[in-house]
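Trainee: Work the whole structure out from these sequences, hints included.
Chains as they are written, first to last, in the UniProt record's numbering: chain A, 1 to 284; chain B, 1 to 438.
Keep in mind that the hints were calculated from the coordinates and are not lab data.
Please note that the accuracy of each hint is not assured.
Below 27 Å or equal to it, Euclidean Cα-Cα: the simulated BS3-like pairs (lysine-lysine) are [stated by the list, open to error]:
| hint | chain 1 | residue 1 | chain 2 | residue 2 |
| --- | --- | --- | --- | --- |
| 1 | A | K65 | B | K266 |
| 2 | B | K93 | B | K266 |
| 3 | A | K65 | B | K130 |
| 4 | A | K185 | B | K130 |
| 5 | A | K88 | A | K225 |
| 6 | B | K238 | A | K65 |
| 7 | B | K266 | B | K44 |
| 8 | B | K238 | B | K44 |
| 9 | B | K130 | A | K49 |
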Amino acid sequence: MHTIVAIKQVPDTTHVRIDPETGTLIREGVPAVINPYDRHALEMAIRLKERFGGTVTVLTMGPPKAAEALVECVEQGADRAILLSDRKFGGADTLATAYVIAHAIAAIQVEDPADLLLFGKQAIDGDTAQVGPGVATRLAVPLITYAMRIESLDPATRTAIIHRRIEQGIEVLETTLPALLTVEKEIATIARAPLPNLVRAAHYRPETWDATTPVPFDPARIGIKGSATIVSKAFTPPRKEPGERMSVAESGLTRVVGQALQRLVTAGVLSSAPATAPRDESNA
Amino acid sequence: MTPNHRCDAIVVGAGPAGVAAAITMAKGGLKVCLIERGRLPGAKNLFGGVLYPHALAEVIPDYAERHPPFERPVTEQGYWLLSPDSVVRIMHKSVHYKTAPTGAYTALRARFDAWFAEQAVQAGVLLITKTTVTEVVRDARGRALGVATDRPEGLVQAPILVIAEGVNNLLTQSLGLAKGDLPPRYVALSVKEVLALPAAEIEARFGLAGADEGVAIDIFGDATLGLPGTAFIYTDAKAISIGVGLLLEELIVHNLKPYEILARFKAHPVVRPYLAGATVLEYGAHLIPEQGYDRMPDLVGDGVLIAGDAAAMVDAVHREGSNLAMTAGRMAGETALEAHRRGDFSAAFLRAYRTKLEESFVLKDLKQYRRMTDFLDSTPHVIGTYVDFMNEAALRYFTAQGMPKREMEGEILGLLRGRRSFFGIAHDMMKLLRGLRG
Ligand SMILES: Cc1cc2nc3c(=O)[nH]c(=O)nc-3n(C[C@H](O)[C@H](O)[C@H](O)COP(=O)(O)OP(=O)(O)OC[C@H]3O[C@@H](n4cnc5c(N)ncnc54)[C@H](O)[C@@H]3O)c2cc1C
Ligand SMILES: Cc1cc2nc3c(=O)[nH]c(=O)nc-3n(C[C@H](O)[C@H](O)[C@H](O)COP(=O)(O)OP(=O)(O)OC[C@H]3O[C@@H](n4cnc5c(N)ncnc54)[C@H](O)[C@@H]3O)c2cc1C
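Mentor: Right under this line is the structure:
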C-alpha cells in the first residue's frame, strides 16, 4: 500500500497580516505550521500503513523553510518526503500549483505506483479547495472531496468505500483505486508520534526537487508565469458598527419591545406596529 | 528495561545548562541524546536577560563567528533606586565595555536557546523536542539506567544522565536529590514583557550611540513596593525587556499579583516616558530558585549529574544564572566523559563534578552569598527604608533653600534617624556585610 500525501505549510493564522501596499499576505517572520487538514490526511495514510504495510510519501511545493514541515511529517511516520522548491515555482496560484503537484506525483509513481492520494479539504490560507481537484483531473483519477471516513479499503481488489460530507448529510461512495481524496479532520485522529520516529526524523533530510530535475516542468506553466490569477486588490473590510442596544433592565420590557417594533416600522419592515401585549413589567 | 533508543549520555532540558553539557560530551566523542519538552529549545524559556559570554566561550570557543543572536552589547549598567516619585541612579558607562571583549550582551531566550541548541546539533547531538522526560528509570540498586518519556516506545537508555530541567526540578526530586518543592521564601517569581520599539527610538531614549551600545538597569525600591525583589529594564535590538521579580512568599503574604506590580512599575512617572508608544511583543513569567548554597540539591547520584537551575545555581545578587548553568553543564559534561573513560558511573566517582564546581566561581560565589536570601528575608523593610531615604536626602542635597549646609546635613541625618534607630542601622549594615562576605 503506497499513499502519497500533499501537504502545505501555512502561516499560523493567529499571526497573519496583510501588506497594506501590495494587498498580499505577509508571510515573512510569521510562524509556520502544517495545514491542519493535511495533518489529518497524513495521519490517515499512517493508519493505512499500519494496517496494510507499505509506505507513505509526502510532498509539498514551497520555500526551503517548508522542509521543516516535511520533517514533522517524518516524525509522524512518513517514510519519504519531497520538497519542490525553486524560485521559479514562486507566485503560483491553484492552476500552477496543481500542475506542479500533479506532475510530481506522476513522477513518483513511475517507480512506486500509489494506491491513494490524500489532500487536505482546503488550505487555511488560500482557502480555495482547488488544488486537490485540479490534481485529480490532471492525473485522471477518481476524486472524492470532503472525505470524512474510509469505511473499508481493499488493496487486493483495489476498491474502497468512502464517506463524504455533503450539505444534506453524508454520501457513501465506492471507488476504484487509485483515487484522490480531499479530507476533513474527522478522517483520522492525530496520534502522538513514537520516539523512534523522532530519532529517524532528526537525521532525515527531505529530497529537494527543483523546476528542472528530476522533473523538467514546463517553465510556462509554473510559478507566476503559469498562474491565471491576478490579485488586483485585497483589503480589510471596514468594521461594522454595532447595532443600537436597548436595555430591558433599564427601560422595562414593554418599552423596549415597543421601541424595537417602532424601529421596524420606520425601516419599512413592518407596515404598522401590532399592539404590545405584556402589561406587567415585573414579569419581564 | 528494553530501550527503544540507546546512546552514551542523555541530557534532560535544552536550556543553557543542558546544551552546554550536550556540546561538551559530543565534542568528546559521545553519542548524546538531548531531550526538550518545548516545541523548540527556548520556546518555553524566559530570562531578563543579560548573557555573559565568558561561559559560552568555554563551551564554543569560536562562538562569535557563529553569529549568536545577541540583542545588544551592554555598555552601560547600574542601579536605579526608585521611590514613589523619584529616582537615584547609579549608572556606569565606559568605553572599556567596547574595546575589551564585551562582558555582557542582552538576549532573548527564544532566539538564543534555539541558536545554542543548533550548535549542539552541528556538534552531532541528537536533539529530540516536543518530548517530556517523565521518569528516570533505575535498577534495583537505584542506579540510573535511562529515562522514560511521554511518547509511545519512549524509553531511552544511557549509562549517564545529565538533568538540566530548570527550576521546576521534578526529576531531581523524584531521585531524592532535592527535598520536595521549594518553599515560597526561597523562590522568586518574575514577570516580564518585551516591548517593541524602533532601534533609533531606543537609542534616543537611553542615550545610546547606535546598535553597538546597550543598557542594563536593575531597579530597587518602589518597583517592588519596597519589598525584597528587583525590577529590570534591558535594551534589546528593537525592543525593551522590562520585568519585576519578588520572592513568592512576599507575593503570598501581601496578596500581590505580579502583573499588577509590573503594570504599576510601567506607569511610574520615571519609567513611563521610556516606554511611550511601545507595543507588547510577548509576556511571560518564570521562577528563580534563590535557596542558596546551603539548601542546594545534591548534585550527583549513581549515573546522574544535576546542573543549572535544577540545582539552584543562581547568584541573585548579580542576576547571574545562565553563566553558572553553562559552566556547570560543561563541567557535568567533562565529568561524564571521564566516567566513560573509566567505565565508572558511580556517585562516588561522579563527585569529581562537585569538586570542579567548588573550585570554580559557581560554588565559590554561591557560597559567598549563602546568607543573602536570609538577610532579605529577615530584614524585608531594608530596601524600602533606605531607597526612600536616599531619594529624600538627594532632594534636600540638590535643593538650595537659603539654608546653611550644616543644617541641611543635619536634616538629612534626621530623615535617616526618623526611619531607623542608630542600632537598627548598624544591625542592618552588619547583616548586609555578612550577606555579601559569606
Ligand atoms: C485571490 C487569491 C489570492 C492569493 N494570494 C496569495 C498571496 O497573497 N500569497 C501567496 O503566496 N499565494 C497567494 N495565492 C495563491 C494560493 O493561495 C496558494 O498559494 C496555492 O495556489 C494553493 O491554493 P490554496 O492555498 O487555496 O490550496 P487549497 O486548494 O485550498 O489546498 C487544498 C489542498 O491542496 C494541497 N496543497 C495546496 N497547496 C499545496 C502545495 N504548495 N504543495 C503541496 N500540496 C498543496 C494540500 O493538501 C491542501 O490541503 C492567492 C490565490 C488567490 C486565488
Ligand atoms: C526573570 C528572569 C531574569 C533572569 N535574568 C538573568 C540574567 O539577566 N542573566 C542571567 O545570566 N541569568 C538570568 N536569569 C537566570 C537564568 O535564566 C537561569 O539561571 C538559566 O536559564 C538556567 O538555565 P538551565 O539550563 O538550568 O534551566 P532552563 O533555562 O530553565 O532550562 C531548562 C529546560 O529544560 C526543559 N525541561 C524541563 N523539564 C523537562 C523534562 N522533564 N523533559 C524535557 N525537558 C524539560 C525546559 O523546557 C527548559 O528548556 C533570569 C531568570 C529569570 C526567571
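Trainee: Return the numbers of the hints above that this structure violates; sort them in rising order.
Mentor: 1
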